[in-house]
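Protein sequence lines, in the order shown, are assigned to chains A and B.
Counting with the numbering used here, you get residues 1 to 408 for the letters of the first sequence.
Counting with the numbering used here, you get residues 1 to 408 for the letters of the second sequence.
You can trust all of the hints, since none of them are fake.
In silico lysine to aspartate or glutamate, EDC-like type, Cα no more than 20 Å apart, as pairs:
id	chain 1	residue 1	chain 2	residue 2
1	B	Lys60	A	Glu340
2	A	Lys60	B	Glu337
3	B	Lys363	A	Glu129
4	A	Lys60	B	Asp298
5	A	Lys60	B	Glu340
6	B	Lys20	B	Glu207
7	A	Lys60	B	Glu355
8	A	Lys245	A	Glu9
9	B	Lys60	A	Glu355
10	A	Lys60	B	Asp339
11	B	Lys60	A	Asp339
12	B	Lys278	B	Glu397
13	B	Lys60	A	Glu337
14	A	Lys60	B	Asp382
15	A	Lys363	B	Glu129
16	B	Lys60	A	Asp382
Derived list of chain B stretches under chain A, where covered just means 3 residues or more per stretch with a C-beta under 8 Å from a C-beta of chain A:
id	segment
17	84-94
18	126-138
19	324-337
No lab work stands behind these hints: they were computed from the structure.
Think of the CB as a built atom: it goes at the ideal place given N, C-alpha and C, for glycine as much as any other residue.
2 protein chains.
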Amino acid sequence: MPIVTAMIELIKGGGVTSPKGFTAGATHAGIKTAGEGTADLGLLVSDVPATVAGVFTSNKVVSPSVVVTRQRVAGGQARAVVANSGCANCCVGGQGLRDAEEMAALAAGHIGVVAEEVLVCSTGMIGVELPMALVRQNLGNIQLGDESGTDFAGAILTTDTRQKEIAVSLEVSGTKIRIGGTAKGAGMIHPNMATMLAFVATDARVEKLFLDRALHEAVDVSFNMIDIDGDQSTNDTALVFANGKAGGDAITVGSAGADVFQEGLTYVCTALAKELVKDAEGAQRLIEVEVVGAQTVDDARCAAREIASSLLVKAMVHGRDPNWGRLMMALGKSGIEFDESRVDIFINDIHIAHEGIAIPYLKDAVISAMSVPEVRFRVSVDAGAAVATAWGCDLTEEYVTLNSAYST
Amino acid sequence: MPIVTAMIELIKGGGVTSPKGFTAGATHAGIKTAGEGTADLGLLVSDVPATVAGVFTSNKVVSPSVVVTRQRVAGGQARAVVANSGCANCCVGGQGLRDAEEMAALAAGHIGVVAEEVLVCSTGMIGVELPMALVRQNLGNIQLGDESGTDFAGAILTTDTRQKEIAVSLEVSGTKIRIGGTAKGAGMIHPNMATMLAFVATDARVEKLFLDRALHEAVDVSFNMIDIDGDQSTNDTALVFANGKAGGDAITVGSAGADVFQEGLTYVCTALAKELVKDAEGAQRLIEVEVVGAQTVDDARCAAREIASSLLVKAMVHGRDPNWGRLMMALGKSGIEFDESRVDIFINDIHIAHEGIAIPYLKDAVISAMSVPEVRFRVSVDAGAAVATAWGCDLTEEYVTLNSAYST
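Based on the sequences and whatever the hints tell you, model everything.
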């Protein structure tokens with residue numbers, strides 16, 4: 001969590017429709033096999049055209065839904081996004097592009113806007129076509145409401161066990177604005193599902209160039225710093241819509257409110273990212289890895305991610321085993337600049353290694369300190385002043401069981 | 001396995017002492033806690049000074065045992081290697097270097113050579129000092145014999161369930177030579193143990209420069225193409241000793257026998273590498289990933305390794321689930337050059353995806369085809385002519401259980 005200097009207020013029970021001028025809704029189309037009547041098709045709509053920015057998967061294999069959305073986001077404005085769970089619309093040849101465009105067009109018709117103003121996201125099984133007949137039959141049933149953010153948050157879930165939602169309000173250059181968001185996680189109980197989707201809405205008035213930069217900066221320290229299993233989806237997408245309904249001057253690069261808005265956006269993204277990790281499949285503990293004293297921010301980020309994603313580190317957290325040698329191993333594997341004899345390691349504030357050597361400690365005390373839902377590692381490499389934090393989850397037998405089940 | 005064009009003959013029951021002029025032995029020193037009387041200290045000795053080459057971990061944190069050995073290997077000749085299991089002699093400050101040097105000196109005294117001719121390897125727990133008193137008391141008990149390769153192969157094991165040994169004979173430029181080897185695996189039942197050690201002996205007469213190149217080339221397609229859990233030890237070491245006892249002309253870069261010797265060495269390293277994967281902790285199935293038609297060998301290697309090391313791919317093999325979408329995901333994540341619409345995928349020779357799209361198949365037939373000890377994926381990317389093979393193992397609940405147990 002970044003140090004909060006802006007006055008960020010949590011909106012209790014808030015979500016993606018907490019900002020002014022956003023409505024949402026969802027319906028059961030039958031795309032997702034889990035749970036009769038479960039919502040699997042959702043819409044998030046802005047009353048007025050919103051400035052939009054997006055960050056997408058860097059996997060070379062991408063869903064046509066990502067292709068369509070990326071292109072439309074580049075245009076700078078959008079009115080809505082339609083999202084489905086149960087099918088990733090990926091690795092299905094040319095049909096995928098036609099289906100993504102049709103799904104957006106159906107949503108546009110339903111809410112009365114032009115098709116190009118609607119973005120589209122899919123998550124679920126790779127290699128099977130979207131059942132468009134079900135989409136056609138059911139999309140019209142979606143009823144929009146300004147308190148239906150939770151319905152939308154539910155429609156995008158696959159193997160997640162719960163909705164992830166957050167909303168905050170803050171003052172930007174004298175104008176009170178709201179930022180709300182929802183995300184779905186990298187849980188993969190049903191095989192082939194690995195997609196991270198995040199949707200953020202704000203009623204701030206934000207210029208496109210700054211919104212692009214702000215989203216990238218927020219994603220870099222939040223969604224890009226979490227690791228469930230090292231794999232990366234073909235459909236990962238984070239979108240932010242800024243519809244300006246709160247009024248005030250447009251927030252631009254270098255404008256008075258830019259830093260405050262950035263803080264709010266980063267806060268929302270970080271909170272959602274941590275929720276994704278906590279709800280990862282089979283996960284029982286959150287791992288927070290803070291690397292301090294690295295030569296560069298890139299070094300700090302690289303080392304933090306390497307440690308948070310090491311299977312041996314994940315397994316030791318599961319077993320509450322203070323095997324700090326595994327942290328050294330992962331740190332060394334990261335390839336960053338450091339001197340082993342200057343490394344200090346702390347587990348939940350207990351100083352366990354000093355200058356690269358074990359400190360005699362009461363093992364039971366450290367095991368006890370690790371018996372909490374959030375295990376924090378601080379690794380000081382004393383090579384500079386750069387800092388970064390990454391999050392991961394423990395590796396459990398349940399993860400394996402869930403991911404090795406037949407896809408049938 | 002490379003295509004064998006040389007006449008490589010397997011020596012039945014052979015191992016590291018099958019080549020002429022090598023003896024080995026082992027003893028129980030008490031360093032390794034597992035099993036009373038289990039050997040944990042071993043010696044491999046050449047009757048005469050041998051040309052030596054080594055490949056070492058690229059982890060930035062390395063055991064002082066690696067530091068000592070790397071330096072001595074650079075000198076080009078050695079008489080022996082002493083190896084212990086149970087303690088990695090790593091992350092223990094300056095004491096580690098003194099202990100590595102003393103262990104080598106003790107071994108040198110025992111066999112009557114100078115200390116600088118003895119290499120040293122350690123594997124086991126990181127962050128604890130070598131119990132040198134036990135080494136001093138017991139090293140002298142090691143009895144050398146030319147049929148004791150199996151004893152040495154046992155002394156280096158940590159969480160492995162069995163010795164890995166192989167020996168072959170082949171004719172190089174009219175001279176019959178032998179290459180024998182042993183390795184210990186990346187099994188990590190006891191936490192903190194992750195080291196891969198490999199020792200290869202040959203009675204061929206080999207010039208240092210060529211031996212260096214040949215070992216690197218062999219390691220690149222064998223030990224460097226296996227993945228257990230993506231982590232990398234601080235102690236990984238592969239050594240080859242060539243003592244020339246078979247006679248004949250020295251094999252040099254470009255000499256008549258160079259290619260044949262390379263084939264033999266690669267054969268031995270590949271066989272040992274596959275044994276390591278098969279005996280990985282909790283592993284029930286070997287995964288072989290062959291990427292064909294890549295633009296460059298680097299691309300092919302990168303993609304094959306990415307697929308073989310994907311947790312989702314490993315889990316699907318465990319569950320015998322033909323989720324080819326996960327192969328596409330891992331291929332895309334590798335970042336190599338390819339066009340999704342030209343990818344074909346085969347699972348144990350069953351054609352499952354063509355031009356990036358699923359082929360309708362009998363799911364039960366594929367599940368049945370995956371119910372074997374070796375699951376082979378062939379991924380054709382149709383972007384060039386380069387080929388590479390990587391090996392991995394399935395991810396099982398047992399792996400997690402084993403690696404999350406307390407280190408006590």
